[in-house]
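Colleague: Listed below are the residues making up each chain.
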Amino acid sequence: MRGIKISAQKGRIIILAVFLLVLVLMYLQHKFGLRVIGLIEAGLYSTTLLTFVAVGECINEKAGVINIGLEGILTLSAIVGTYGAEVFENGVAGLLIGMLTGASIGFLLGILATYGMADQVIAGLAINLFAIGFGPYLLMALWHIAGIHVLSRELMLPRMATPLGYISPLTVVAIVIAILAQLFLDKTLYGLRIKVAGEKPEAVDVAGIRVDRLRIFTSTLGGALCGLGGAYLPLCWFGSLVKEVSAGRGFIALSCVVFGGLEPVLAFLAATIFGFAEGFGYWISITPGIKEIVPVYFIHMTPYIITLIVVTSVIGKKRFPKALGRPYIRE
Amino acid sequence: MKVIEARRIEPLLESFFAITVGLLAGSIFMAAFGYNPILGYFVLFNGGFGDLSKILESLAYAMPIIITGASFTISARSGVFNLGLEGQAYLGAIGAVYIAGTFHLPPVIHIAAATVFGMLLGALWSLPAAILKIWKGVSEIISTIMLNWIAYYLTIYIAIDLLADPETPHKTISALPSARYIRLTPRSTLTAGIFIALAFCVLIYFLLWHTAVGFELRLAGTNPDAALYAGVDPKKVTLISFILSGLGAGLAGTIQVIGRPPGWCLYTNLGNVLMVGYDGISVALMGRNHPIGCIVSAFFYGGLLNGSRLMESRVGIYSELARALIGIIIMIIAIPELMNIIKRRLK
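Residue numbers (the numbering used here), protein chains in the order written: chain A, 1 to 331; chain B, 1 to 347.
Chain B on its own, in the form it takes in the complex (with noise of 0.2 Å):
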């Protein structure tokens, strides 16, 4: 019984020493630039988890990427490394912009439609990754990146040149009304969608590890040569990975979309759905590959980037400090070996 607790805690605990290390190099970060750490942090915290509304407002930015963390980890779990999160969740929203904002239709059906239609578009676009890996062995972290570039100028050019709305054209066509997911506070722009959000995340888990698929796929990612020999189709494990893990990214853009007041839109910069897919790589990994974990790292994370607006604000510290200290923590995960050399030290 012993062993398999430390071995739960183990992680956490790793985690937990990351961050803290990457708040360290942040306060290094801040100082540097003449800032006063401790007064940045206080501001950065409170403005993401100081009241119940700024709470709700930090779930709403950790919405779209709790989906997303959930989906690279079944990528990750399944031996695939897919970074085109990013290119699939811009594929998703601007097929939501599309379902929600022309067709007229009975309400909860249009959201169902939106959904469902941003979740496919977003499963398309992992397929050629997932195609060129299958056929020619092409390795997914060149394809993907090419693809979330493809993806970032197609966006683009169907936002403003199909879909813009015609009267303030910074932005695409908003949805209607019967598409949107319901606000469930006046005091924060947290929607109905935070449910599909974890109800991803749990069904992920279950998938995970609790089917058969789930099992092959894990079992390919943690041993290659273990799962050959118990007939698991690498092919196979690669293109249902892909399938997933797109479907989740399509339904991230999706929700930026039409379960994120107050524009109900795709801006034609993309500034509402860049960085879903890149965030959900390092909330996945600041989770450490468990849908759970990933809940939690998301709503640390939501809380960060929802703060740092209220640190630009306040004490003049740019709120992209929050992506930089996301990557010393992932960089501190990275590194098993350090928990193990601090181990000894202490001994």
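Pulled out of the complex, with its shape left as it was, chain A reads as follows (with noise of 0.2 Å):
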């Protein structure tokens, strides 16, 4: 378990974090008597999406495909996901129909990236720039409506009373799943051979595995949380479908994976104080004597501007697969 070793010094950066947030907590408690259980739902809700796209980006880059389309994939997941639930009339079924779109995606991107050659930064954006289109327009011609579509209270999935509040299903899980794929990288063959496709293709060509194959698995397999991601959206968060729906988390994922240094449990922890930075927003902005004085739009600029910091204060100290975001040529 050599990745998850935390260094001394971001040790440092999060007992700080951490020390500041609760102090900040109290003070607003103190003034103006928030709820401290609604900061941990809405916080929770944000880190759940974030993870579960972050843990699959981890795993892509570690075999040395890069997927900046992961905005794209939400959008165009959360619509088909949605549209899918409402077929089957069964919330996981849009889950499981959001997962095949995100895979699909993630398939497509890597045979691009493998027997294509592509750039994987351009067909990355060109998955964002489709998206950004072809979302508005599926939810034009499926739904007729360019504002909001909200969806039926059946569709939603069941959330869980806990002492931390109401809390979907779906966060366990991605907590499961972010502890699975550390132990996958680490413990399998498999991993072993994943982590060594980014560093050095050759060799596991030497070995007889096939390079292609393995980056096109784990660029669909990222893709695949990616689309779980998406239909967790509107089916267990919002309840709701707008074409900006994604709202720029695909990429606040891939800061997580910065910040992660590819690794999954960090990129969780990553999530975690993004989560957080996104619900802090949320709770605010509805809490009365703090939403008259704060205008709302430096609110929504809180996650984007945590982003931005966080990711600044780890960078450099990362190393990245050597092989990222290069086409494998076999000779």
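Take the hints with a grain of salt, since some may be wrong.
Stated by the list, open to error - With a cut-off of at most 27 Å between alpha-carbon atoms, the simulated DSSO-like pairs for lysine-lysine come out as follows:
1. Lys200(A) - Lys322(A)
2. Lys322(A) - Lys235(B)
3. Lys236(B) - Lys322(A)
4. Lys187(A) - Lys200(A)
5. Lys322(A) - Lys136(B)
6. Lys136(B) - Lys195(A)
7. Lys322(A) - Lys187(A)
8. Lys322(A) - Lys195(A)
Said to hold, decoys possible - Chain B regions said to be covered by chain A (calculated; three or more residues, Cβ under 8 Å):
9. 129 to 141
10. 275 to 287
What the hints assert, rightly or not - Far from chain A, some chain B residues (derived; all Cβ distances over 12 Å):
11. Ile38
12. Leu52
13. Ser53
14. Leu124
15. Thr155
16. Pro169
17. Leu184
18. Thr185
19. Pro234
20. Pro262
21. Ser308
Derived by calculation from the structure, the hints in this document are not laboratory data.
Positions of the beta carbon are idealized from the N, C-alpha and C atoms, including for glycine.
Both chains are given apart, each in its own frame, so use the hints to dock them into the complex.
Modeller: Right, here's the structure in full:
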């Protein structure tokens, strides 16, 4: 488990951040009588999504494929997943269809990256640009609405009542997936192969393992997890669908990957920070006494500002796979 | 000689091939939802390029994305992905509203002042990403997108709280008549801004291919190691590339405000500058990262955007399809090997 050692400096940053957060919360609770439970609920919803997306991308980048089209995958799978849920009248079916959508886009990117020798950044960008157009087109073509599509309550997945508030069961799933992914990468032969495919693809190839298939597999897996996250957005969290449903979360998840240095468990940790940053914003925007003082636009900015600050504070200390983003050409 | 010709024509052929595939995919999207693709495309292209006034209107649509396309060209040629054109354009637009709507200046000076201020704000908003990349090595792909969202909310805040029109709250104050680009024809919304856009493209072309700075930028983009060896400072390249493309994005935002009738303002949902930056990226990639290619592809794209409105009202196919087509086209262009595979099969 070499990967999950936390450096002393990062440890200090995390402790400081948590300490500051607790201080701010105590002050706010004292002054305005805020509900802490509400913050945890909102934070965990966001954390769950970011974890799904970031864990998949960690594995994918370990194998040497970078997917910046996550944002587009989130949008498309949210729309297709919702449609699937309405067709089958079942929320879980919607999640699975969202996963399938994400997996097929990931598969496509894997094919482009291995056989097409595509510039992965441009191919990912193309996915985003496609989603920017095709997402609203689908929304209009399926529901004939330009604004917001509200799901019926029966399609929403049930929430669990816990001491921490009402939590989606998928939150637990996300944490389990993060831990399993870490074990998969560090403890299994397949995980080792993935890591070598990102560092020295020739070595895997010489050992008789197909680098192309490995990378297509990780890209599909990453896409599937991202698609699950996309369908989770309307079906477990918002209960509604707009064309900007992903709102930059695909890129925030990429920041989680960078923060975690491609280690799934650390990426989950980063997702917690970014998730609670977003939850904090929601929470403030509904709290009387604060919402009148701070313009809502500045609250909306917080997740993006925090992402910038956090990424800046850890970057440069991370090592990324040598063959990341480069197609592997067999000699 | 022949080698040079083939090299010049090949990207053109690739773009045409990609466009064909994109259009085919689009016809599938149309047919999948029960629309007639042939009718759809007929109305689309007729609406974009059918007669002179439609062509002029398409040029008006192309105007801002010619500029952002050329801006992305600078950054892509120098190996920097400035995906922040979008946010930089928002800032440019709000800057133009401020100068054009609140100051009283003589006509030509007013236009120039608003344009320059918008450009400067665009460049200013590109600086954080440049500084973070130079100072800490933060990937501009993440930082620029975050800055886009921050710019989005910041601009909406300024537009609603500081510069809103008291009578019609869904838009900001309008540019004063002295700060408006001249309308070229009564039948379309095309203004003299198109000359600014074309001049910007030519300027970028000249800068990239006929100056020492341009050579350094391109060298750093194509071969970073060689650039280092030749004494090119990668930090300088990043900074110049960000500032130049930021200036361009700011200009595009400005043009959308003081160069597009009938509003001469910024809508508070940012409706008239949304997508200007992202569309510019598409334009640059379709135009193969060449300023002149950008003009051609922006005209094509402008025609699609213009024609798709007619397609929506006449045939009921939603205008967003135009952007989906472009996405497919970019995806095909991203696969250099595809053309080789096809060539091998043909032989």
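Colleague: Is the nearest Cβ of chain A still more than 12 Å from the Cβ of Pro169(B)?
Modeller: It holds; Pro169(B) is separated from chain A by about 15 Å at its closest Cβ, greater than 12 Å.
Colleague: With the threshold set at 27 Å, check whether the alpha-carbon distance from Lys136(B) to Lys195(A) stays at or below it.
Modeller: Status holds; Cα separation ~26 Å.
Colleague: Straight-line Cα separation of Lys322(A) and Lys136(B) no greater than 27 Å?
Modeller: Measuring from Cα to Cα gives roughly 19 Å; hence the hint holds.
Colleague: Keeping to a limit of 27 Å between CA atoms, is the pair of Lys236(B) and Lys322(A) held or broken?
Modeller: holds (25 Å)
Colleague: Please confirm whether Ser53(B) is truly not at the interface, meaning its C-beta sits more than 12 Å away from all C-beta atoms of chain A.
Modeller: holds (26 Å)
Colleague: Within 27 Å, alpha carbon to alpha carbon, are Lys187(A) and Lys200(A)?
Modeller: holds (19 Å)
Colleague: When you look at the beta carbon of Leu124(B), is every beta carbon of chain A farther off than 12 Å?
Modeller: holds (16 Å)
Colleague: Is the straight-line distance between the alpha-carbon of Lys200(A) and that of Lys322(A) 27 Å or less?
Modeller: holds (7 Å)
Colleague: Just double-check Leu184(B) for me: nearest Cβ-Cβ distance to chain A has to come out over 12 Å.
Modeller: holds (29 Å)
Colleague: Checking a non-interface call: every C-beta of chain A should be farther than 12 Å from the C-beta of Ile38(B). Is that right?
Modeller: Answer for Ile38(B): holds, closest chain A Cβ roughly 18 Å.
Colleague: Would you mind confirming whether the straight-line C-alpha gap from Lys322(A) to Lys187(A) stays at or under 27 Å?
Modeller: holds (21 Å)
Colleague: Does the claim that Pro234(B) lies outside the interface with chain A hold up, using a Cβ gap greater than 12 Å?
Modeller: holds (15 Å)
The structure does not agree with the numbered hints 15, 21 stated previously, though it agrees with the rest.
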